[in-house]
Each structure stands twice: as structure tokens, then as C-alpha cells.
Amino acid sequence: MQHDILVIGAGLAGMRAAVRAAEIPKINVAVLSKVHPLRSHSGAAEGGINAALTPEDRWEDHAFDTVKGSDYIGDQDAIEFMCEEAPAEVYWLEHAGTLFNRDKAGDLDIRAFGGAVRPRTAFVHDITGHALLNTLYEQLTARGISVYEEWFVTRLIVEDGVCKGVVAWDVINGGLNVIQAKTVIMATGGNGRIYHGRTTNAWSCTGDGMSLAYQAGAPLGDMEFVQFHPTTLKSNGVLLTEANRGEGGYLRNALGERFMANYAPEKMELGPHDLVSRAETIEVLEGRGIDGCVLLDITHLGEAKIMHKLPSTRELCEAFLGIDPVHEPVPVRPGQHYTMGGIRTNRYAETEIHGLYAAGECACVSVHGANRLGANSLLDTLIFGRVAAERAAEYARSTAYQTFSDSWLTSEEERIKGYVGRTGGQKLATIRNEQGIAMAEGMGVFRTPERMQRALEKIKELQERVQQAPIDDKGAIFNTDLLGAVELENMLEQAEIICLGAIARKESRGAHSRLDFDKRDDENWMKHTLAYLGEGGPRLAYGPVTVTHYQPEERKY
Amino acid sequence: MAQVQVKVLRYDPQRDAEPHHQDFTVEYVTATTILDTLVAIKEFQDGSLTFRRSCRQGICGSCPMRVNDRERLTCMTRVAEVIGDNGGELRIEPLANLPVLKDLAVDLKPFFDKYRAISPHIIHAATRELPEKEFRMSDERTTHLQQFGACIQCGACYSSCPIVATDDDYLGPAALAKAYRFANDPRDDGRTERLNLVGDEAGIWRCHTIFNCTEVCPKGVEPTYAIQQLKRMNVRKRLGFG
Numbered sequence: 000m001q002h003d004i005l006v007i008g009a010g011l012a013g014m015r016a017a018v019r020a021a022e023i024p025k026i027n028v029a030v031l032s033k034v035h036p037l038r039s040h041s042g043a044a045e046g047g048i049n050a051a052l053t054p055e056d057r058w059e060d061h062a063f064d065t066v067k068g069s070d071y072i073g074d075q076d077a078i079e080f081m082c083e084e085a086p087a088e089v090y091w092l093e094h095a096g097t098l099f100n101r102d103k104a105g106d107l108d109i110r111a112f113g114g115a116v117r118p119r120t121a122f123v124h125d126i127t128g129h130a131l132l133n134t135l136y137e138q139l140t141a142r143g144i145s146v147y148e149e150w151f152v153t154r155l156i157v158e159d160g161v162c163k164g165v166v167a168w169d170v171i172n173g174g175l176n177v178i179q180a181k182t183v184i185m186a187t188g189g190n191g192r193i194y195h196g197r198t199t200n201a202w203s204c205t206g207d208g209m210s211l212a213y214q215a216g217a218p219l220g221d222m223e224f225v226q227f228h229p230t231t232l233k234s235n236g237v238l239l240t241e242a243n244r245g246e247g248g249y250l251r252n253a254l255g256e257r258f259m260a261n262y263a264p265e266k267m268e269l270g271p272h273d274l275v276s277r278a279e280t281i282e283v284l285e286g287r288g289i290d291g292c293v294l295l296d297i298t299h300l301g302e303a304k305i306m307h308k309l310p311s312t313r314e315l316c317e318a319f320l321g322i323d324p325v326h327e328p329v330p331v332r333p334g335q336h337y338t339m340g341g342i343r344t345n346r347y348a349e350t351e352i353h354g355l356y357a358a359g360e361c362a363c364v365s366v367h368g369a370n371r372l373g374a375n376s377l378l379d380t381l382i383f384g385r386v387a388a389e390r391a392a393e394y395a396r397s398t399a400y401q402t403f404s405d406s407w408l409t410s411e412e413e414r415i416k417g418y419v420g421r422t423g424g425q426k427l428a429t430i431r432n433e434q435g436i437a438m439a440e441g442m443g444v445f446r447t448p449e450r451m452q453r454a455l456e457k458i459k460e461l462q463e464r465v466q467q468a469p470i471d472d473k474g475a476i477f478n479t480d481l482l483g484a485v486e487l488e489n490m491l492e493q494a495e496i497i498c499l500g501a502i503a504r505k506e507s508r509g510a511h512s513r514l515d516f517d518k519r520d521d522e523n524w525m526k527h528t529l530a531y532l533g534e535g536g537p538r539l540a541y542g543p544v545t546v547t548h549y550q551p552e553e554r555k556y
Numbered sequence: 000m001a002q003v004q005v006k007v008l009r010y011d012p013q014r015d016a017e018p019h020h021q022d023f024t025v026e027y028v029t030a031t032t033i034l035d036t037l038v039a040i041k042e043f044q045d046g047s048l049t050f051r052r053s054c055r056q057g058i059c060g061s062c063p064m065r066v067n068d069r070e071r072l073t074c075m076t077r078v079a080e081v082i083g084d085n086g087g088e089l090r091i092e093p094l095a096n097l098p099v100l101k102d103l104a105v106d107l108k109p110f111f112d113k114y115r116a117i118s119p120h121i122i123h124a125a126t127r128e129l130p131e132k133e134f135r136m137s138d139e140r141t142t143h144l145q146q147f148g149a150c151i152q153c154g155a156c157y158s159s160c161p162i163v164a165t166d167d168d169y170l171g172p173a174a175l176a177k178a179y180r181f182a183n184d185p186r187d188d189g190r191t192e193r194l195n196l197v198g199d200e201a202g203i204w205r206c207h208t209i210f211n212c213t214e215v216c217p218k219g220v221e222p223t224y225a226i227q228q229l230k231r232m233n234v235r236k237r238l239g240f241g
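Quick note, the sequences are listed as chains A and B, same order. Sequential numbering from 0 applies to the first sequence in numbering that gives the first Met the number 0. Sequential numbering from 0 applies to the second sequence in numbering that gives the first Met the number 0.
Incorrect hints may have been included.
As the list claims (entries may be wrong) - DSS-like, lysine-lysine: derived pairs with alpha carbons at most 27 Å apart:
1. K473(A) <-> K6(B)
2. K132(B) <-> K103(A)
3. K555(A) <-> K526(A)
4. K526(A) <-> K505(A)
5. K457(A) <-> K505(A)
6. K416(A) <-> K459(A)
7. K233(A) <-> K426(A)
8. K6(B) <-> K426(A)
9. K518(A) <-> K266(A)
10. K426(A) <-> K473(A)
11. K505(A) <-> K416(A)
12. K473(A) <-> K108(B)
Stated by the list, open to error - Derived list of chain A stretches under chain B, where covered just means 3 residues or more per stretch with a C-beta under 8 Å from a C-beta of chain B:
13. 137 to 151
14. 199 to 211
15. 225 to 239
16. 305 to 316
17. 422 to 436
Unchecked claim - What follows is a set of in silico ranges between Cβ atoms, one per label pair, in the way DEER data are often shown:
18. T126(B) <-> T53(A): 29 to 37 Å
19. I322(A) <-> G219(B): 15 to 23 Å
20. R414(A) <-> Q2(B): 34 to 42 Å
21. K6(B) <-> G420(A): 30 to 38 Å
Think of the hints as simulated: they come from the structure by calculation, not from any bench. Note that CB positions come from ideal geometry on N, CA and C, so glycine has one too.
The task is simple: from the sequences and hints, build the whole structure.
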């Protein structure tokens, strides 16, 4: 098994990378994913994809909105590149068959989204991610790109700062294998399941690629910036799209007031995620909530519009709450939604390890900074997935396959065997549930030194306890019990880095909102957090923010 | 909290000669889904129980199973709506018409082989010039096609289809619905090729319009409608009406 480019993860970033790589002559590309590509969490994205498509709009405005949304810690070279490329990427998708909604003239319809000066979000009803994921899978299939389906990488093979391949587990059939690769593109998505019980993310979102890159020596950037989406269901964390507000929906408190008037008088419900989530939390804390929630009210939009543009909202509310949002407001609260941090890359998706690239939610380019704007993440996956493939292909052509020690495989086999031998200890699920509670309480919408410290201590305790957690499934075939154990260890590793970054960052910026330092501090903290694997734990360092045209200003909406 | 008896079909190829049922007892409330009960069993009763799940919101297509003899997306189906008020039992089995890998997880390879067989991607003729921006098309057309584009490739229809059950070569409802979606896309030039691909006895003509696929589809795709339309298109093509 040998590839010029091995893409880990088959969501939008991974498939875009693979599809682009397959167009480049003499490049042998393969994809590896722990789930079938169509099961990837990109498919759960609802609202749309941003691009300056209309004559009134300009990509420069999109870039400025994104910089402002990032609370001035996004890297402006990468943001400008992404926004300038955005229209061409949307047209590429449209030519490839995506069934975007249309306006009366038959051109792409666009809707309003949070934090933008004007509407620029192209969409497919409220299942845009699903539509794009299918388009990409169609393109992957058309090119005959091979996929290691339901395989899981347990270790990146990196020697002397050069990535040479991976150790990967064939989950269905059992057994570890070595795959030699001149380049590896990480496209493994976010880590929302760290907030188990309080996240919109799928079961699969355990941030494995971040852990793999970190363990191999690449730094993770800005992990403390964790996005909470304002409209998630309390019972199971499921997302109701921002498009509900983009199409004209209201947020109300228990008194029926559109409380956003007090927080974002101009943008109202279409403030950015961080601001709206804080506003909701304050409403609840000050006694104007309903059982910990506020109300999302789309009843005035009417059944026809809801069925045409927001059908999933109705489907999800009816399935999980037994509420029909056509007739009744829906209780919602902020829930973990997106990982702004990730494997630190430059604007070319390159990491600090030669031959290792990262794109999409697992990466920190950083185009989202301290707060991602809605409908910018689909764009991010596609643009940087493509760039990663182009860069990786260039590198792969100039290098030969590298040899490495046999001990990579044998030591991984030993390590994985160790899990199955455990007896006693607590259930994995018990530990995972405690992790979710600790992180929701300590690393939530508002943070205090005491709560953050408690979360950190809890995570360190859980890192110890997880070593004893038993695996019931002793078999080799399709052992999802064992997979869950490896994923949980990865998450606990990332959770610690989130806590350390947050405790160290003594300011409030974007999604990192501290009650003891309630202002942004550009003088001391306009810099990226970098977490490296150190002796006995993560070591924090800091790196500069790239500024091109936009100087930091106060952020008002 | 009420309790429900859950009878799960187990099969471990390394241990079992034949599949067998195993009983579990799980607590549930109004909001508990079928998937929630499986997760509860796996997490606190038997970690070796094997099934796929991911988004738990009806969009990734990982978790369709046969529940009390009917294909359902387990994350979108509540326990109470299946067992009713009388507290009957839940019987959970893997999808039919596909090889079982382990317990409730099936091998979808035959299903996706048929997906690939219909050229499931937009085809542009070499002579077609791509527009600088988007193709123009009506919102009515995209909305109509998106009904079929909404397919999550979960395989529930494939499991429910009695033709699939008796004919290994039959393309099945999902692949044919996908073919319809492309064959009616004004941006696509593969209509003739695709109508030929589906126009034989392993394709549309094999469908007996039994409507099981349409009934079990968790996303309202209506493959039966798509297949009937493809039949009509095929006849028109053969008669020379385009």
C-alpha cells in the first residue's frame, strides 16, 4: 500500500482534496475514512455556503466580515484568499451538479446569514452540507478514487520531521497495516464530541486527526476557541440552522421580547454566533429563560416558506420534541458546534511537518479566528482541501517514498492489544459523560478561572481513569468498542489543550469569553496559541497573526 | 421510567454459526429513540453490540435497521411510536438483502456497486460549453430534483424491496432514483447513456411497483415514482420521441 497522497477523512475537505489530486497527472491518491464518505459530518451542515456572488457584493466585503467575525485573530492573507476564490468554487459545485435553490430569474438564490453586511449565502433548502457531500462523492466515484472505507489511523509515521505514512486499522476485518505515503492530508473534522450531551456534532466528531498530528509533533492552534451555536435542542444537542433566522425568524425570551435588540441593535438575530450565544445565556441567567432555553420563533414565516426553505427544521422538531415549528416556537439553547482551533497550518494548508497537510475543521489556517461566521465552514473545507491537494502533489512529485523502521507497526500492535486486556475500571461511557459535563461547565459560553481550573483537573483525572476502562468486545472483527476507547483517549488529550489554552489566554475574544478579563486585549493577546507535545504534557507557545488590510477595531453589530 | 424489552439479532462471524436473538431490558421516556436504546445497551450492558451510528439526526444514513419487521432510521424513530401504549417489545434486526458483517451492521458493498452502475454523476458532453457562472434553471426544477437528491443512501429501500430479495442483479430503488435525478437535470448530457444503463431487465423493467421503497424511505424520496417516470422516458426514447 503506497500513495503519493493519502487523505485521512472523507468529508468535504477530504473529498475535495482527493478529487483535485486525481486531476493532477501522475499522482496516485487514496482516501481513508473511519466512516463511509457519505456518513461524514459535513453532510449535517444545513444553512449554506458563503460567496460574494451578486453584483452588489464584493469578496473584499466578505473578507472584512470574516476578519471582524474572527475578532481580529483570523489570518488575513488566508481569509482574503478564501473569499476571493469563493465564487469560482460555488460555480464549480454548481457545474458538478449541486441542486442549489434558485431565484425567480433562475440564478442562484442567496439568503442572509449572521455577521455579514449583506446576504451572500448560497444554499440547498436547509440540507446544503448533504447536497455538497453527495456532489463530492459523485465526483470521487466518477474518478474511481480508491477509499479505505471504515479504516482508522492509529499513528502517523513521522521521522526527523518528515511524514512517511500511517499505521492504520482495518476496523471491519481487524488488523493493523502500514500505508506508505509521500504526503498525508488530514481532513478529519472537528472534536465536538468532547462536549458529549452538549454538542451538535455527530458521534464521529472526535478530533482524531488533531491528536495524530499533535502526537507527531505538529502544533495545535487556538484550541480554546470553541464555538457555541445559539439554536440547538436541549434534549440531544441537535442543531436548528441559522437559516431559521436568516429567513426572518426571531429569538424571544420568556417575556416574548426580541431580546437581541439589547445586544445587537443593528443585526438583531443575525449577530454572529458568539454574541448571540452570550445574549441567550445572559437572558437565562437573569431569569428570562424557559427551563434553560429561549425561544426560536418562525411561526410568522408561514408553512409554505418553512416547507420550501427550512424543511429539516420542521422534521427535527417534530421527531425530537413533538413540536411543529409552523405553529409553535421552539425552545433552544447554545450548544457546542464548531472547533475554530486545530492543526496549525499556513494559507497553503502546510503544517510544521514536511509532507503533512491539514484542511477543514481539523485545521487552524486560521480563517475563523476566535469565532467562525455561519456558512464559512463549508467554504473553508473546499478551498483549503483543494489547496492542500495542489501543495501535496507538488511536494510528492519532488520526493521519493521514504523508508522507516518496522517498529512503527509492532509498537502500535502492542499498544492496541493493551486496550483489550484491561479488566475492572469504569465504563468508557461513564468517563466520556463526565468529560462532557466538565467541559460544558468549565469551557462553555462564559468562563471563569475557577470553573476552567476545575475542568482541567477533571480532565487530568479522567485521563488516568480511562487507562483502566475495560473493553467488552474481545474480537477482531468490527470492534467498535475498541474504536470508542481510542477515540475517547484522543478527545481527553484535546480537552486538556482546550483548557490550558483558555486558562492562559487572559482576555475575552470571540468565543473565549472570560468574566475576569471581559475585554479584548490586542496589546498582549493578538496572537495564536500553539500547543506542542512536550515532556509530560502540552507545551504552549505563541505565534503572530497575519494582518494585511484590516486593523483591529471594536466589534459592534 | 418505563421499561421496554429489546430483542436484538446478534451475529459474530468469529463465534456464531448462525444469528440468534438476545434480550435486553432498557428504560425509556417519550423522547427515547430506537438508536438511544441500542446506545444504552452498548454503553452499560454489552459493549460488544455492534451497529453503525453517527449524526443521530437523520442525515448521515448510518443507522437504518429492521425494527419490528419494518425498515426504519433508528435515530429518527421513537420507541413509543413503534411499541404503542401497550408496552410491546422491540425487535431490532439488520437490514435484509445485504450480508451481515456483525450484529446490526451490514455490508453495503452490493448496494454501492449498484449506485456506481448508473454513472451517478453529472455528465457534460465535450461539446458543451460551461457557463462562466451558474447554469440557469428554475427553482421548481431544482426543488423537484432535490426530492431525489435528498436520498441519504441508507439502504432502507434496498432492504424492503422484494425484487432485490429475489434478484441479485436488480439495481434497486436508490440507484434508480439517483438515475432519475440526473436524467432530468438540464445540465446533464448523459440522459441517453443513463436510460440505456437502467433500461433492461436488471433495471426499471424489473420493478413491480410494490411501493415498499416509497413507504419505508425516511426522507420522502419516492423511488417508485422515479422508476415509473424512467419507464415512461425509456418508452418515449425508443419510440423516437426523445
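Hints and how they fare:
no., hint, verdict
1, K473(A) <-> K6(B), "22 Å, holds"
2, K132(B) <-> K103(A), "16 Å, holds"
3, K555(A) <-> K526(A), "21 Å, holds"
4, K526(A) <-> K505(A), "12 Å, holds"
5, K457(A) <-> K505(A), "21 Å, holds"
6, K416(A) <-> K459(A), "24 Å, holds"
7, K233(A) <-> K426(A), "25 Å, holds"
8, K6(B) <-> K426(A), "23 Å, holds"
9, K518(A) <-> K266(A), "21 Å, holds"
10, K426(A) <-> K473(A), "15 Å, holds"
11, K505(A) <-> K416(A), "42 Å, violated"
12, K473(A) <-> K108(B), "26 Å, holds"
13, 137 to 151, "holds (count 4)"
14, 199 to 211, "holds (count 3)"
15, 225 to 239, "holds (count 4)"
16, 305 to 316, "holds (count 4)"
17, 422 to 436, "holds (count 3)"
18, T126(B) <-> T53(A): 29 to 37 Å, "31 Å, holds"
19, I322(A) <-> G219(B): 15 to 23 Å, "20 Å, holds"
20, R414(A) <-> Q2(B): 34 to 42 Å, "40 Å, holds"
21, K6(B) <-> G420(A): 30 to 38 Å, "32 Å, holds"
The structure is inconsistent with hint 11 alone, although it conforms to all the rest.
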